[in-house]
Each structure stands twice: as C-alpha cells, then as structure tokens.
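Undergrad: Once you've looked at the hints, dock chain H against the given chain R.
The residues making up each chain are set out below.
2 protein chains.
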Amino acid sequence: MQELIDIINKKLDEYIPINYPEELFESMRYSVLAGGKRLRPVMCLETCRIFGGNIEDAMPAACAFEMLHTQSLIHDDLPCMDNDDYRRGKLTNHKKFSYSTAVLAGDALISYGTQLIIEKSKLPSDVILKVLQQYSLAAGAYGIIAGQIVDIAMEGKPYDFKILEYIHTHKTADLFRGVLKSGAIIAGANKEQLQAMDDFAQNLGVAFQICDDILDETSTYEEMGKTMGKDKAEGKLTYTALFGIEKSREKLNCLLDNACDIMKEQNIKSEIFNNIINSIREKAEK
Amino acid sequence: MQELIDIINKKLDEYIPINYPEELFESMRYSVLAGGKRLRPVMCLETCRIFGGNIEDAMPAACAFEMLHTQSLIHDDLPCMDNDDYRRGKLTNHKKFSYSTAVLAGDALISYGTQLIIEKSKLPSDVILKVLQQYSLAAGAYGIIAGQIVDIAMEGKPYDFKILEYIHTHKTADLFRGVLKSGAIIAGANKEQLQAMDDFAQNLGVAFQICDDILDETSTYEEMGKTMGKDKAEGKLTYTALFGIEKSREKLNCLLDNACDIMKEQNIKSEIFNNIINSIREKAEK
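The listed protein sequences correspond, in order, to chains R and H. Residue 1169 is where the first sequence starts when you use the numbering used here, and the numbers rise one by one after that. Residue 1169 is where the second sequence starts when you use the numbering used here, and the numbers rise one by one after that.
Any given hint could turn out to be false.
No copy is singled out in the list; a pair is fine if it fits within one copy or between any two copies.
[Claimed, not checked] When the alpha-carbon atoms are kept at most 25 Å apart in a straight line, the in silico DMTMM-like pairs for lysine to aspartate or glutamate are as follows:
1) Lys1454 - Asp1399
2) Lys1404 - Glu1190
3) Lys1359 - Asp1294
4) Lys1404 - Glu1191
None of these hints come from the bench; they were simulated from the model.
With the rest of the complex left out, here is chain R (with noise of 0.2 Å):
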C-alpha cells in the first residue's frame, strides 16, 4: 500500500505543477500535496487490479478523485462552513492563503479533475466518458455537495437517522463509490461487478464517516491533526451524538462484515482492501 501511496504523492506533484498565477497553483498544490492517506485513489487503482485492468490506465482518474477530494476539504474547512484552522497539521488553506484564494482554488481543483481524466487518460472516449460521469455524479447537486449543504443545515436541529444516513451517504460514500465504479469501469468489469462495487463503496463510506464521528470523540488534535470535539461541541448531526459510542461501534462493524460479504462474493481477494476495513475497526475501537 506504502508503494501505491509513493506513485501517487508523485504524479499528483507531476500533474500539478507550479505556473502563473502561482497564488493559485500553490494553493492548490498546499492543499493537494498536504499528504494524508490517499485512501481515495489507493482504492481506485486496487479496484482495477482487482478487475484485471492496468494500474496505470487508473492513475489520471484516481488523482482527480483526490484533486476532488481535496476540493470538498478546502471548502468545508471555510468560515462559512465549518470554519476550521487546522487540517492534517497545517494550517487550512484559507488561513494560509485568503479567503477568496481558497474559493478559487476550490474551484479550480474541480475542473482540474475533469481536464485531467481527458487528457491523460490513455483509454476509449467512451469509457473515459464513462468515468467522467462518475466524477461529476459525486462532486455534484447529486453528491458530495448534496451531503454537505444538508449538513450545515442540520446543525443544532433535532436529530433524525433518515437525515443522518441520507448526510453520510452523499458526504463521504459517494465519492467511495465514485473511486471504485471508476476503477471497475476503466477494468471492464461488468454490470453485475459495478453493482457490487456500489454495495461495497456504501457500506465501507458510511463506516468510515462513522468511525470519523467516533474519533471526533475520542481523540486528540496531536493525533488527527485537526480540531477535534468540535461536531459535538457545535450541536452535529452525528452518528455517536444519535447513538452513542457503543452502538456507533456495532453498526460500524456490522457495515464492515457486510463489505467482507461483497467480497467474498465477488470472489475478490485485496490485502489493501482488508486492511482498509481492518484500520477502520481497530481506529473505532481505540
């Protein structure tokens, strides 16, 4: 996984160079290159391995998920949104650069994304269309951006499961889904192999904003890197403030078998997916 991590860090710094207006493209590079696991693109590349496709054939769309990710990152730690100051250790990119610079290069990432599949992708019209349509369905109205408005809207309102899900669904199992129908689609796996891949990129990203929400309970800044405690501080929508940390922990692990089910299934074997699903339990139990 380290070695899949090593690619990456090294084409996103490739695919992002330094050019004029160089506010713009160091903002975007600070925040893109601020490290963190690369978990979105580490699991679209292993997706099309697991497909029988070529690695490399994945390496524009998986970085573009992580431009996207980064994107949605800039714009929530806003003033306007979540207002924070700190993310993996370094200072948000409104707090290093401006206000506006972080809008722009909010803005810039999405598109880079796009232009990046285009481009670089070495592979038919039709399947890069393809994977396009993925990458404009979890950034969009119907994604990431659905997610996040319902829950900046939520805050300090009564809390309801339906809207819970419906907020972790958008927020973060969206753009899992995205990262892993792209993978299989740039494979050629087939619709039956897409619909798993759905199923699983469900049940692994709401398990994963859960043990996000678990840990905003239990740990500290020196350990995540980023304000912690501050969800329910603020009166958050989450899934510990419904449930309470034990229960959290089940539901957690009971979305987790489900993901092993998948794969057994699909007769999928992925010693990064396993330990994908093993850290996400282990971090929930601390």
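TA: Frame of chain R, contents of chain H only:
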C-alpha cells in the same frame, strides 16, 4: 435572437428541477434563472448553426456554459471577493440564501454542467469529450479562475497593461472561446474554422469586457441592476482606469472591427453576431 433566448430559458428551467435538498436546487435555480441576455448559450447555438450543425445538438453544452457563467458570478459576488449585494436587480445568491449555500451552489453548478453535457448530448463520445475539454479549460485554473485570482490580487496595485490583458482574456474571453469552439466542434468545423472562432472569441471577449469597464463608469444601478462605480472606487484594474473612456472606446471599436473581419474572411453571415457586435458598440458610446 429573442426566440433563441426563450428556448434557452425553457431548457435551463427544465434541466434544473427542484429536488432534495431543496435549498441547494432553489439557490442554483435562483441565479441561473435570474434572467440576463443569455449571450453565451446564444453564441454557442449560433456558432453551431453557422457551421452547418443542428442547434438541438448544442443545447446541453450551451446551457452548461450558462451554468458555468452563473457559477462564476455567484462566487465573484461573495463577500470574500467583490462583495456585491445586487445582481440583475435582485439580491445576490449569498444575500438571498447564505454564504455557505452560495459557495456550494456554485460548486454544484460546475459539475452539473459537466453532467448535463455527458447525459443529454446525443453526439459521438469523442465529440462530447472535445466539448468537455473546452468546458473544463474555460472553467479551470487556466481559464476564468486564473483571471479572477489575478483580478483580485491586483486591486489597489499599480496599473499594468499586460496584466490587464491577462485578466480580460481569462475572465471573459476564455468563456466566449469555450462556447464558440464547442458550438463549432459540435457542427464538425475544421481546424482552420476552430482557430478562426478562437480569434473571434478573443476579440469579442475583450471588447465585451472593455464595454463593461466603460459602463461601470457611465451607468447607474437602475440601468444595470447592480451597483456601479465600484471598480473605480476600489482601485480595480480596468481599461478605463488605465486609458480613460475615449481611448477605451477606440480600442473596443478596433477589436470589434477585427471580429467583423474574421467573419468576412470565414464568409460567416450571422444576424445574431452582427447584433451582438452592434449592441456592444452602442452601449459603449452612450
């Protein structure tokens, strides 16, 4: 032209239905359906017609570019950028909804346009991909975003003609370039014709922006539906600030003459483009 505008308005209304989360779709609709001359989609459809294409084929791209244009207006109006309260005689998006909703509605429109082109275009995959490339180039770090970030960075700084040209080219001409080239690509125009539309867009786009600079000094809120005179008050880098109104009019006329020459060279007969060119001349003269 009014006929085309009516069709475009109907299509824009149809393409963005109100779905859950309503706040998001209402705010996207609020700005997209706020009126305006629909100059960019009209030019896209007209270019398609000029080169022998069917305007129906260009409708998704034409409307997508209008969404992208709207996105740039929503984000430009934000308090962290131009901080405008009115646009087209109505409250700006963040004033009507909220700061966070305006950021998210803008984000959503970028991907909504991509999705529209992919899902509604009845064209071969490689043609759709070429249109998407124009769209992401115009939208991104080498297009309107580059223009906007330099525009903001130059506020109150010493005037510099090269930088002013850079801002005008990217903030305005790049979007014109995107719509004209997309219309031409959809109609199957050849390389020489695409280059001609590129030059035409550059001349028309910069002339349009100079006209905007002139109107900022010569018009009132009642005529324009937005606060005027702000650029000057805030020390923005504009054509009129650099050359005065008379010289700006001369430059504008010169650029529009170039645009007319390109039409003649390419044997393009278009009442719509003639009207657009004449209307820019007349507005600048008032």
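Undergrad: All the hints need checking, so say for each whether the structure fits it.
TA: Verification of the hints:
no.	hint	verdict
1	Lys1454 - Asp1399	within (19 Å within a copy, 56 Å between copies)
2	Lys1404 - Glu1190	between (37 Å within a copy, 20 Å between copies)
3	Lys1359 - Asp1294	both (16 Å within a copy, 23 Å between copies)
4	Lys1404 - Glu1191	between (34 Å within a copy, 19 Å between copies)
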